[in-house]
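Asker: Sequence:
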Amino acid sequence: MGAPRRPGTTFAMLDPMHPWSGIVSHVGARRRNEDAWVDAPELGLFAVADGMGGHAGGDLASRLAAEALLTTFRSQRRDLGPEALGARLETGFRVAEVQVRRRRVAELARMGTTLAALALEAGVGVVAHVGDSRVYRCRGGVVEALTRDHSYVEQMRAAGMAPARHLRHLITRAVGSDRGPPELRRVDARAGDTFLLCTDGLSDVLGAGHIRRVLARTYAPERSAEALVHEALRRGTQDNVTALVVRID
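In terms of this note's numbering, the sequence shown has 76 at position 66, counting the first letter as 1, and numbering is strictly consecutive.
These are computed hints drawn from the structure, not numbers from a lab.
Watch out, some of these pointers could steer you wrong.
DEER-style ranges, computed between Cβ atoms [to be verified]: (1) R167 x Q86: 31 to 39 angstroms; (2) M166 x P191: 18 to 26 angstroms; (3) G202 x E93: 19 to 27 angstroms; (4) R113 x R84: 43 to 51 angstroms; (5) G133 x Q86: 42 to 50 angstroms; (6) R112 x R233: 20 to 28 angstroms; (7) Q86 x R196: 12 to 20 angstroms.
Quick reminder that beta carbons are idealized off the backbone N, C-alpha and C, glycines included.
Construct all of the structure, not just a fragment, from the sequences and the given hints.
Answerer: What follows is the structure, given as C-alpha coordinates:
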(Lines of atoms letter the chains of each structure in order from A and count residues from 1; the text may use other names and numbers.)
(Lines give C-alpha, C1' and ligand atoms only; values in the text may rest on other atoms or scores of the structure.)
Protein backbone atom coordinates (compact mmCIF):
# COMPACT_ATOMS: atom_id res chain seq x y z
CA MET A 1 0.00 0.00 0.00
CA GLY A 2 0.23 3.41 -0.19
CA ALA A 3 -2.87 2.03 -1.75
CA PRO A 4 -2.25 -1.63 -2.52
CA ARG A 5 0.06 -1.54 -5.49
CA ARG A 6 2.13 -3.72 -7.71
CA PRO A 7 5.46 -5.02 -6.49
CA GLY A 8 8.24 -2.50 -6.79
CA THR A 9 11.15 -0.76 -5.18
CA THR A 10 10.88 2.55 -3.37
CA PHE A 11 13.57 4.94 -2.18
CA ALA A 12 13.43 7.60 0.52
CA MET A 13 15.85 10.03 2.12
CA LEU A 14 15.26 9.98 5.89
CA ASP A 15 18.17 11.66 7.65
CA PRO A 16 20.29 9.90 8.81
CA MET A 17 18.78 6.65 7.46
CA HIS A 18 18.08 5.85 3.83
CA PRO A 19 15.44 3.07 3.71
CA TRP A 20 15.14 1.27 0.40
CA SER A 21 12.16 -1.08 0.07
CA GLY A 22 10.64 -3.66 -2.24
CA ILE A 23 7.34 -5.55 -1.98
CA VAL A 24 6.11 -8.73 -3.66
CA SER A 25 2.78 -10.43 -2.95
CA HIS A 26 1.37 -13.60 -4.56
CA VAL A 27 -2.00 -15.31 -4.25
CA GLY A 28 -0.30 -18.70 -3.82
CA ALA A 29 -2.67 -21.65 -3.68
CA ARG A 30 -5.70 -19.55 -2.70
CA ARG A 31 -8.44 -18.12 -4.93
CA ARG A 32 -8.09 -14.62 -3.51
CA ASN A 33 -5.17 -12.65 -2.12
CA GLU A 34 -6.20 -11.48 1.36
CA ASP A 35 -2.82 -9.93 2.19
CA ALA A 36 -2.33 -6.16 2.24
CA TRP A 37 0.65 -3.95 2.99
CA VAL A 38 2.00 -0.49 3.63
CA ASP A 39 5.20 0.50 1.82
CA ALA A 40 5.77 4.15 2.71
CA PRO A 41 9.49 4.91 3.10
CA GLU A 42 8.77 8.64 2.96
CA LEU A 43 7.02 8.13 6.32
CA GLY A 44 9.44 5.50 7.59
CA LEU A 45 6.47 3.11 7.78
CA PHE A 46 6.19 -0.47 6.55
CA ALA A 47 3.55 -3.11 7.36
CA VAL A 48 1.95 -6.36 6.22
CA ALA A 49 -1.51 -7.70 7.07
CA ASP A 50 -3.06 -11.13 6.52
CA GLY A 51 -6.85 -11.12 6.53
CA MET A 52 -9.25 -13.89 7.50
CA GLY A 53 -12.98 -14.42 7.70
CA GLY A 54 -14.40 -15.70 4.40
CA HIS A 55 -16.89 -13.99 2.05
CA ALA A 56 -14.14 -11.52 1.06
CA GLY A 57 -13.97 -10.47 4.71
CA GLY A 58 -10.27 -11.22 4.98
CA ASP A 59 -9.45 -9.04 2.00
CA LEU A 60 -11.52 -6.19 3.42
CA ALA A 61 -10.10 -6.52 6.94
CA SER A 62 -6.47 -6.45 5.85
CA ARG A 63 -7.05 -3.45 3.56
CA LEU A 64 -8.91 -1.54 6.27
CA ALA A 65 -6.12 -2.16 8.78
CA ALA A 66 -3.35 -1.17 6.38
CA GLU A 67 -5.20 1.97 5.29
CA ALA A 68 -5.91 2.97 8.90
CA LEU A 69 -2.25 2.66 9.85
CA LEU A 70 -1.09 4.61 6.81
CA THR A 71 -3.67 7.37 7.31
CA THR A 72 -2.69 7.72 10.96
CA PHE A 73 0.97 8.25 10.11
CA ARG A 74 0.14 10.69 7.32
CA SER A 75 -1.99 12.79 9.64
CA GLN A 76 0.52 13.10 12.47
CA ARG A 77 3.56 15.33 12.76
CA ARG A 78 6.94 13.76 12.10
CA ASP A 79 9.02 16.25 14.08
CA LEU A 80 8.27 14.67 17.45
CA GLY A 81 11.34 12.43 17.24
CA PRO A 82 11.86 8.68 17.45
CA GLU A 83 10.54 8.51 21.02
CA ALA A 84 7.04 9.09 19.63
CA LEU A 85 7.15 6.14 17.21
CA GLY A 86 5.61 3.66 19.65
CA ALA A 87 2.71 5.97 20.46
CA ARG A 88 2.07 6.59 16.77
CA LEU A 89 1.99 2.87 16.08
CA GLU A 90 -0.35 2.24 19.00
CA THR A 91 -2.68 4.93 17.68
CA GLY A 92 -2.59 3.43 14.19
CA PHE A 93 -3.39 -0.05 15.49
CA ARG A 94 -6.23 1.34 17.62
CA VAL A 95 -7.74 3.07 14.59
CA ALA A 96 -7.34 -0.15 12.59
CA GLU A 97 -9.17 -2.10 15.31
CA VAL A 98 -12.07 0.37 15.24
CA GLN A 99 -12.30 0.36 11.44
CA VAL A 100 -12.36 -3.44 11.17
CA ARG A 101 -14.75 -3.91 14.09
CA ARG A 102 -17.25 -1.46 12.55
CA ARG A 103 -17.56 -3.63 9.45
CA ARG A 104 -18.02 -6.94 11.28
CA VAL A 105 -21.69 -7.49 10.44
CA ALA A 106 -23.71 -10.26 8.74
CA GLU A 107 -21.43 -12.48 6.63
CA LEU A 108 -18.42 -10.38 7.67
CA ALA A 109 -18.99 -10.97 11.40
CA ARG A 110 -15.92 -13.20 11.75
CA MET A 111 -13.46 -11.15 9.75
CA GLY A 112 -10.18 -9.96 11.20
CA THR A 113 -6.55 -9.57 10.26
CA THR A 114 -3.02 -9.83 11.49
CA LEU A 115 -0.93 -6.67 11.35
CA ALA A 116 2.85 -6.36 11.68
CA ALA A 117 4.53 -2.99 11.29
CA LEU A 118 7.95 -1.37 11.38
CA ALA A 119 8.44 2.37 11.93
CA LEU A 120 11.89 3.92 11.41
CA GLU A 121 13.31 7.29 12.36
CA ALA A 122 16.79 8.61 13.21
CA GLY A 123 18.46 5.28 13.88
CA VAL A 124 15.53 3.89 15.85
CA GLY A 125 13.05 1.23 14.81
CA VAL A 126 9.85 0.24 16.57
CA VAL A 127 8.11 -3.01 15.69
CA ALA A 128 4.42 -3.53 16.48
CA HIS A 129 2.34 -6.61 15.80
CA VAL A 130 -0.88 -8.50 16.43
CA GLY A 131 -1.23 -12.06 15.12
CA ASP A 132 1.33 -14.23 13.34
CA SER A 133 2.70 -12.01 10.59
CA ARG A 134 6.38 -11.49 11.33
CA VAL A 135 9.23 -9.00 11.28
CA TYR A 136 12.84 -10.15 10.95
CA ARG A 137 16.13 -8.25 10.99
CA CYS A 138 19.24 -9.44 9.18
CA ARG A 139 22.49 -7.92 10.46
CA GLY A 140 25.98 -9.20 9.73
CA GLY A 141 24.61 -12.41 8.25
CA VAL A 142 22.48 -13.20 11.33
CA VAL A 143 18.68 -13.28 11.04
CA GLU A 144 16.70 -12.43 14.17
CA ALA A 145 12.93 -12.68 14.61
CA LEU A 146 11.71 -9.41 16.13
CA THR A 147 8.18 -10.68 16.75
CA ARG A 148 6.73 -13.70 18.49
CA ASP A 149 3.55 -15.17 17.03
CA HIS A 150 0.29 -14.65 18.86
CA SER A 151 -0.77 -18.25 18.23
CA TYR A 152 -1.71 -21.43 20.05
CA VAL A 153 1.39 -23.15 18.69
CA GLU A 154 3.63 -20.44 20.14
CA GLN A 155 1.85 -20.72 23.49
CA MET A 156 2.51 -24.47 23.48
CA ARG A 157 6.18 -23.92 22.68
CA ALA A 158 6.49 -21.39 25.50
CA ALA A 159 4.97 -23.93 27.88
CA GLY A 160 7.46 -26.60 26.80
CA MET A 161 4.84 -28.64 24.96
CA ALA A 162 5.15 -30.19 21.53
CA PRO A 163 3.25 -27.98 19.06
CA ALA A 164 0.09 -29.55 17.63
CA ARG A 165 0.28 -29.29 13.85
CA HIS A 166 -3.48 -28.94 13.41
CA LEU A 167 -3.39 -25.74 15.50
CA ARG A 168 -0.64 -24.02 13.53
CA HIS A 169 -2.93 -21.56 11.74
CA LEU A 170 -5.00 -20.62 14.80
CA ILE A 171 -4.01 -17.25 16.21
CA THR A 172 -4.83 -15.89 19.65
CA ARG A 173 -5.01 -12.21 18.67
CA ALA A 174 -6.30 -10.40 15.59
CA VAL A 175 -7.18 -6.85 14.62
CA GLY A 176 -10.98 -6.72 14.70
CA SER A 177 -11.42 -8.99 17.71
CA ASP A 178 -8.77 -7.66 20.07
CA ARG A 179 -9.10 -4.47 22.10
CA GLY A 180 -5.61 -4.67 23.57
CA PRO A 181 -2.61 -2.68 22.35
CA PRO A 182 -0.15 -4.20 19.89
CA GLU A 183 2.98 -5.83 21.19
CA LEU A 184 5.79 -3.29 20.78
CA ARG A 185 9.53 -3.74 20.54
CA ARG A 186 12.12 -1.01 20.13
CA VAL A 187 15.26 -1.89 18.15
CA ASP A 188 18.21 0.03 16.81
CA ALA A 189 18.49 0.38 13.04
CA ARG A 190 21.89 0.75 11.38
CA ALA A 191 23.26 1.18 7.90
CA GLY A 192 23.55 -2.29 6.37
CA ASP A 193 20.54 -3.72 8.22
CA THR A 194 17.85 -5.52 6.26
CA PHE A 195 14.33 -5.97 7.63
CA LEU A 196 11.78 -8.48 6.33
CA LEU A 197 8.07 -8.19 7.03
CA CYS A 198 6.11 -11.24 5.89
CA THR A 199 2.84 -13.11 6.19
CA ASP A 200 2.68 -16.72 7.30
CA GLY A 201 2.52 -17.99 3.74
CA LEU A 202 6.25 -17.32 3.76
CA SER A 203 7.24 -18.04 7.36
CA ASP A 204 5.37 -21.38 7.38
CA VAL A 205 7.80 -22.79 4.81
CA LEU A 206 11.00 -20.72 5.16
CA GLY A 207 13.04 -20.71 8.35
CA ALA A 208 15.65 -18.18 9.41
CA GLY A 209 18.41 -20.08 7.61
CA HIS A 210 16.58 -19.99 4.30
CA ILE A 211 15.79 -16.31 4.74
CA ARG A 212 19.44 -15.53 5.50
CA ARG A 213 20.66 -17.37 2.41
CA VAL A 214 18.21 -15.61 0.11
CA LEU A 215 19.03 -12.19 1.52
CA ALA A 216 22.75 -12.92 1.20
CA ARG A 217 22.36 -13.73 -2.52
CA THR A 218 20.49 -10.54 -3.42
CA TYR A 219 20.86 -6.85 -2.68
CA ALA A 220 18.05 -4.85 -4.28
CA PRO A 221 15.01 -5.19 -1.97
CA GLU A 222 12.62 -6.03 -4.81
CA ARG A 223 14.91 -8.85 -5.96
CA SER A 224 15.15 -10.14 -2.41
CA ALA A 225 11.37 -10.09 -2.03
CA GLU A 226 10.93 -11.84 -5.38
CA ALA A 227 13.43 -14.54 -4.42
CA LEU A 228 11.77 -15.14 -1.05
CA VAL A 229 8.29 -15.43 -2.53
CA HIS A 230 9.57 -17.68 -5.32
CA GLU A 231 11.21 -19.98 -2.77
CA ALA A 232 8.05 -20.11 -0.65
CA LEU A 233 5.99 -21.07 -3.71
CA ARG A 234 8.58 -23.67 -4.72
CA ARG A 235 8.31 -25.20 -1.27
CA GLY A 236 4.54 -25.52 -1.65
CA THR A 237 3.11 -22.82 0.58
CA GLN A 238 -0.67 -23.20 0.80
CA ASP A 239 -1.42 -19.57 1.61
CA ASN A 240 -1.07 -16.10 0.14
CA VAL A 241 2.54 -15.03 0.49
CA THR A 242 3.83 -11.48 0.93
CA ALA A 243 7.40 -10.29 1.49
CA LEU A 244 8.31 -6.66 2.17
CA VAL A 245 12.08 -6.10 2.33
CA VAL A 246 13.59 -2.90 3.74
CA ARG A 247 17.31 -2.15 3.53
CA ILE A 248 19.04 0.73 5.26
CA ASP A 249 21.95 2.34 3.44
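Asker: Could you run down the list of hints and mark each one as holding or not?
Answerer: Now for the hints, and whether the structure bears them out:
| no. | hint | result |
| --- | --- | --- |
| 1 | R167 x Q86: 31 to 39 angstroms | holds, 37 angstroms |
| 2 | M166 x P191: 18 to 26 angstroms | holds, 24 angstroms |
| 3 | G202 x E93: 19 to 27 angstroms | holds, 24 angstroms |
| 4 | R113 x R84: 43 to 51 angstroms | violated, 21 angstroms |
| 5 | G133 x Q86: 42 to 50 angstroms | violated, 20 angstroms |
| 6 | R112 x R233: 20 to 28 angstroms | violated, 39 angstroms |
| 7 | Q86 x R196: 12 to 20 angstroms | holds, 18 angstroms |
Comparing the model with each earlier hint shows violations of hints 4, 5 and 6; every other hint is respected.
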